[in-house]
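Mapping to numbering that gives the first Met the number 0: the sequence shown position 573 is 572, numbers consecutive.
I should point out that these hints are in silico values taken from the structure, not numbers from a laboratory.
Among the hints, erroneous ones may be present.
[Unchecked claim] Only pairs whose alpha carbons sit at most 25 Å apart, straight line, appear in this in silico SDA-like list of lysine to any residue:
{"hint": "1", "residue 1": "K75", "residue 2": "G136"}
{"hint": "2", "residue 1": "K62", "residue 2": "E40"}
{"hint": "3", "residue 1": "K37", "residue 2": "K62"}
{"hint": "4", "residue 1": "K159", "residue 2": "R252"}
{"hint": "5", "residue 1": "K75", "residue 2": "H118"}
{"hint": "6", "residue 1": "K37", "residue 2": "D603"}
{"hint": "7", "residue 1": "K400", "residue 2": "D422"}
{"hint": "8", "residue 1": "K62", "residue 2": "R252"}
{"hint": "9", "residue 1": "K27", "residue 2": "Y57"}
{"hint": "10", "residue 1": "K27", "residue 2": "E42"}
{"hint": "11", "residue 1": "K166", "residue 2": "K75"}
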Amino acid sequence: MTRNAGSLLWCLWAVAAMGGEAASPEPKTPWPAQYKIKPTETERLTEADVVGPDGIVYPNWTKCGVQGGIPQVAVKTTLAAFDGRPNDGLDDSAALDRACEAVGKQGGGAVLLDEGTYHLDRPVTVRHDGVVIRGRGADKTKLVFRYALPSGGVTFYGLKPGDRVGKNTPIQLHARPTGLAAMTIEAGGRVVHEWKRSTHSGNTFATSVSARSIVGRLPDGPAMLRGVARYQDGASVTTELPVVLDSTFHDPRPMPDARAAIVFAGRGSDGPAIELTRDGRRGDRTLALRNAEGLRPGDGIHLEAPATPAWKRLTKNACTWGRYREYELQIERVEGNVVTASQPLRIEFPVADGAFVRKIAPIQRCGVEDFSLEQTENLWITSVLFSHAWNCWARGVNVKKCGRFPVYGSQAKWCEIRDGTFDDAWFKGGGGTAYAGWDACWDCLMERVETFKLRHAPLFQWAASGNVIRDSVFHESDAQWHAGWTNENLIERCVVESLPGHGGYSYGMWASPPEDSAHGPNGPRNVVYNCDIRSARTGLWMGGMNENWLILHNRFRVEKGDGAAAKTSSFDHILRGNVFLLRDPKATMVRLATPDCTGVEILDNQVYGGNGQFVTGAAQRAECDVILEIVPPERDGLRVLDAIE
0 MTRNAGSLLW CLWAVAAMGG EAASPEPKTP WPAQYKIKPT ETERLTEADV VGPDGIVYPN
60 WTKCGVQGGI PQVAVKTTLA AFDGRPNDGL DDSAALDRAC EAVGKQGGGA VLLDEGTYHL
120 DRPVTVRHDG VVIRGRGADK TKLVFRYALP SGGVTFYGLK PGDRVGKNTP IQLHARPTGL
180 AAMTIEAGGR VVHEWKRSTH SGNTFATSVS ARSIVGRLPD GPAMLRGVAR YQDGASVTTE
240 LPVVLDSTFH DPRPMPDARA AIVFAGRGSD GPAIELTRDG RRGDRTLALR NAEGLRPGDG
300 IHLEAPATPA WKRLTKNACT WGRYREYELQ IERVEGNVVT ASQPLRIEFP VADGAFVRKI
360 APIQRCGVED FSLEQTENLW ITSVLFSHAW NCWARGVNVK KCGRFPVYGS QAKWCEIRDG
420 TFDDAWFKGG GGTAYAGWDA CWDCLMERVE TFKLRHAPLF QWAASGNVIR DSVFHESDAQ
480 WHAGWTNENL IERCVVESLP GHGGYSYGMW ASPPEDSAHG PNGPRNVVYN CDIRSARTGL
540 WMGGMNENWL ILHNRFRVEK GDGAAAKTSS FDHILRGNVF LLRDPKATMV RLATPDCTGV
600 EILDNQVYGG NGQFVTGAAQ RAECDVILEI VPPERDGLRV LDAIE
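Make the full structure from the sequences, and use the hints.
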């Protein structure tokens with residue numbers, strides 16, 4: 000026996016939730032609704048839409064992941080050719096740097112690491128296209144990242160005593176992170192840079208400043224840099240480094256990027272901001288610019304609509320910082336001041352908000368393959384990072400005990416993470432740590448990944464759009480649309496086991512609300528399809544400003560709380576074909592907490608347990624044909640999903 004919505008379509012109108020009182024007027028959506036489209040409305044369909052065989056209009060994910068598929072890159076050299084030897088306990092970071100540099104200058108290729116254990120005593124940064132770091136298999140080739148601070152707990156990173164320092168030299172200070180309150184860099188007896196702990200500092204251990212703040216302001220010649228780390232218990236630690244200031248010196252040294260053990264780093268911005276002269280509309284592939292001079296077919300561009308006060312008022316966004324409406328595109332054609340991109344826009348980029356494009360220079364066609372990586376120190380360092388990267392990948396890579404993220408993208412497009420295992424993190428205290436997913440990334444793919452004891456996984460945040468996470472299992476973490484107007488992302492055929500104890504919120508899936516001053520709201524048409532979600536709290540919690548999310552054919556097992564809940568202009572959703580097991584006798588299948596949660600369709604769902612109600616909250620149903628069969632929670636229904644599992 001089941002409790003089943005059958006062929007019921009719940010048409011939800013917003014009326015007052017006060018018993019016996021007249022209904023208030025239907026609240027309007029905060030902006031004209033765009034995404035809930037019927038297949039017959041052909042005039043509304045764009046290149047950004049795909050009509051599914053079930054009659055639902057979905058986002059277009061046909062350009063997700065590495066374009067053309069991950070290639071089989073030929074081996075160009077071995078690490079042994081650059082004196083990198085396994086199992087000798089010595090530092091192999093310089094050898095790996097030299098090997099990647101050599102292969103990159105030859106136009107790309109794979110650097111092969113033999114079976115055994117290699118050690119990296121400092122980060123390795125790849126800056127050339129086409130470089131692949133490949134082991135013999137995750138169970139055969141192991142990298143141990145053991146960068147650590149000196150016994151004194153503070154050091155200047157990447158500089159040696161007596162080094163020449165020019166205006167472009169980065170000056171970076173690293174300090175023991177536990178209890179760290181502030182760091183200062185001093186030169187000539189004055190403070191030239193200061194970092195102070197804030198809400199999102201997490202496990203920060205590094206701060207930096209350009210030597211431009213020093214060189215030219217102090218006389219050329221010998222100088223003493225002084226770094227001070229101050230701690231919450233009142234203690235302080237100091238280090239000093241003698242250098243030679245030289246205002247005529249252009250420093251050619253590429254300092255290793257301390258954000259990750261292995262960083263694939265593109266240059267990023269490669270030109271001025273160019274304003275749009277016509278709104279970029281959802282579904283458009285053409286952008287009218289103030290001036291397209293210098294843009295060519297094949298170029299990458301970064302598109303952004305700033306988070307103006309007007310847009311923040313519209314979305315009720317209380318977050319004072321962050322990234323929201325952004326996308327990256329490749330130019331197909333340039334005609335005058337109009338550029339045509341290779342794919343359509345997913346959201347609007349209005350001229351009124353100062354929307355602009357900027358040419359970018361990403362690193363491309365790089366990857367890591369077939370090795371494991373373990374971090375030995377509690378420092379906020381990612382294991383593998385793709386930064387300003389297009390068409391890059393991680394395949395067959397296992398990570399143990401990452402410092403911040405295991406394998407991660409930041410400002411990446413068409414990248415892939417697949418066939419790997421990510422187990423645990425050193426730090427899970429918030430501020431942006433222990434995540435698996437996509438952050439300020441576009442059209443990227445994660446597939447066949449298994450994670451353990453992370454904080455938030457799977458995750459999308461900060462303008463992430465068009466990304467897909469599928470066929471993966473996430474143990475002891477919650478699924479998150481964590482911040483920043485994420486839109487048109489897909490979680491498909493995944494298992495999420497959300498348990499307390501590793502920094503997650505204990506919801507099965509959680510989307511940040513607009514009043515959250517640390518994250519802001521999330522955007523339209525995110526999709527969850529055919530997933531298994533287990534959680535200690537509400538299975539799906541949507542914080543607001545979410546338009547037309549598609550929650551389809553999933554199974555939610557909830558210990559305490561509702562099956563799904565929405566509030567604050569969370570509207571036009573479709574919940575179809577889901578199964579909810581609610582162990583809480585007070586729980587409802589769907590709770591629509593505020594009267595502006597309009598246009599929600601709930602069709603063909605099954606629910607076991609709970610309080611006997613399908614929908615509660617301030618948004619009530621009207622004009623619906625209801626055919627229900629109720630099963631009390633203490634009867635056999637509660638065992639059905641257990642048997643399925």
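Need the list of violated hint numbers for this structure, in ascending order.
Numbers 8 and 11 - these are the hints that the structure violates, sorted from lowest upward.
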